[in-house]
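One letter stands for each residue in the lines below.
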Amino acid sequence: MVKINGEQLDKAGMSVADLLADMDTNGQRVAVELNEDIVPRAEYGSTFLKDGDSVEVVRFVGGG
Amino acid sequence: MKFPTREEMYRALEERHGAELQKKLSEASVAVCGLGGLGSNIAIALARAGVGTLHILDFDKVDISNLNRQQYFPEQLGMYKTDALSDTLRRIAPYCNIRKDCVKLTEENIPVLLSPVNIICEAFDKADQKAMLVNCVLESMPEKYLVAGSGMAGIGPSNTITTRRMMKRFYLCGDGSSDVDDGMGLVASRVLICAAHQANAVIRIIAGEYDV
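Residue numbers (the numbering used here), protein chains in the order written: chain A, 2 to 65; chain W, 413 to 624.
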């Protein structure tokens, strides 16, 4: 199980890129943290989630 | 009345904030990226608090549609925001060291332009630009503190706007969801709440208080 934005989900083995697609998230508007470190945008496709990982997908919205 | 000297203004701040905090504030350097509703208000709060060096960055000009929430005046319409805001900041804090860059921030120039400061405020309005700046800073400048804002449109409850510590050096303010693209306008009061969260996060970092 992987903790995604506080929720335990069955996403182990999935890449960050696939997770974002699965969440129907625009990859241009997010920052992704894996175990409290930033996942570089160039590594979304090659970063795979493991059991016990904690992921935070920060989805930015407009306005400022 | 005589215009106050640098020493007089510093002493007045010291009396309000205490000598220890004021020394830290006066030695701090903070960049404010984007000078709209968030950035203009963040910069003014930091200047009033006596932050020693403020680096303000924006490429845009003051527009009549900005006046509902941004710290500009009708006579400043058409001016570059960097020029208009630095005029105001100089009136508020004449001895603050203000650096201005009238430039659009990109992946390429961010590491160069923002290298001198310790703390970076993200205060853009477009979601993809917010993400670009946050990713760029976290990927290429891990030693910086970063305070971003996301979600402050509309007139939702004040108390849904919070400050979260997302990573050791990355703080995120806002409600995380009120999107201007959903048709909700930006209203001064709620934008100011988010700007105040960001400014207070910056001041706490300067003070060495890292919890939220």
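FYI, nobody ran anything at the bench for these hints, they're computed from the structure.
Warning: the hint list may mix true and false statements.
[Said to hold, decoys possible] Think about it this way: if two alpha-carbon atoms lie no more than 25 Å apart in a straight line, the pair counts; the simulated DSS-like pairs of lysine-lysine are:
1) W:LYS556 with W:LYS435
2) A:LYS4 with W:LYS435
3) W:LYS435 with W:LYS538
4) A:LYS51 with W:LYS580
5) W:LYS556 with W:LYS516
[Stated by the list, open to error] On the chain A side, residues computed to face chain W include the following (Cβ under 7 Å):
6) ALA22
7) ARG30
8) VAL31
9) ASN36
10) GLU37
11) PRO41
12) ARG42
13) GLY46
14) PHE49
15) GLY53
16) VAL62
17) GLY65
Beta carbons: idealized from backbone N, C-alpha and C, even for Gly.
Hints versus structure:
| no. | hint | verdict |
| --- | --- | --- |
| 1 | W:LYS556 with W:LYS435 | 20 Å, holds |
| 2 | A:LYS4 with W:LYS435 | 42 Å, violated |
| 3 | W:LYS435 with W:LYS538 | 35 Å, violated |
| 4 | A:LYS51 with W:LYS580 | 22 Å, holds |
| 5 | W:LYS556 with W:LYS516 | 20 Å, holds |
| 6 | ALA22 | 16 Å, violated |
| 7 | ARG30 | 4 Å, holds |
| 8 | VAL31 | 6 Å, holds |
| 9 | ASN36 | 10 Å, violated |
| 10 | GLU37 | 5 Å, holds |
| 11 | PRO41 | 5 Å, holds |
| 12 | ARG42 | 6 Å, holds |
| 13 | GLY46 | 15 Å, violated |
| 14 | PHE49 | 19 Å, violated |
| 15 | GLY53 | 19 Å, violated |
| 16 | VAL62 | 4 Å, holds |
| 17 | GLY65 | 4 Å, holds |
In summary, the structure is inconsistent with hints 2, 3, 6, 9, 13, 14, 15 from the numbered list given earlier, while agreeing with the others.
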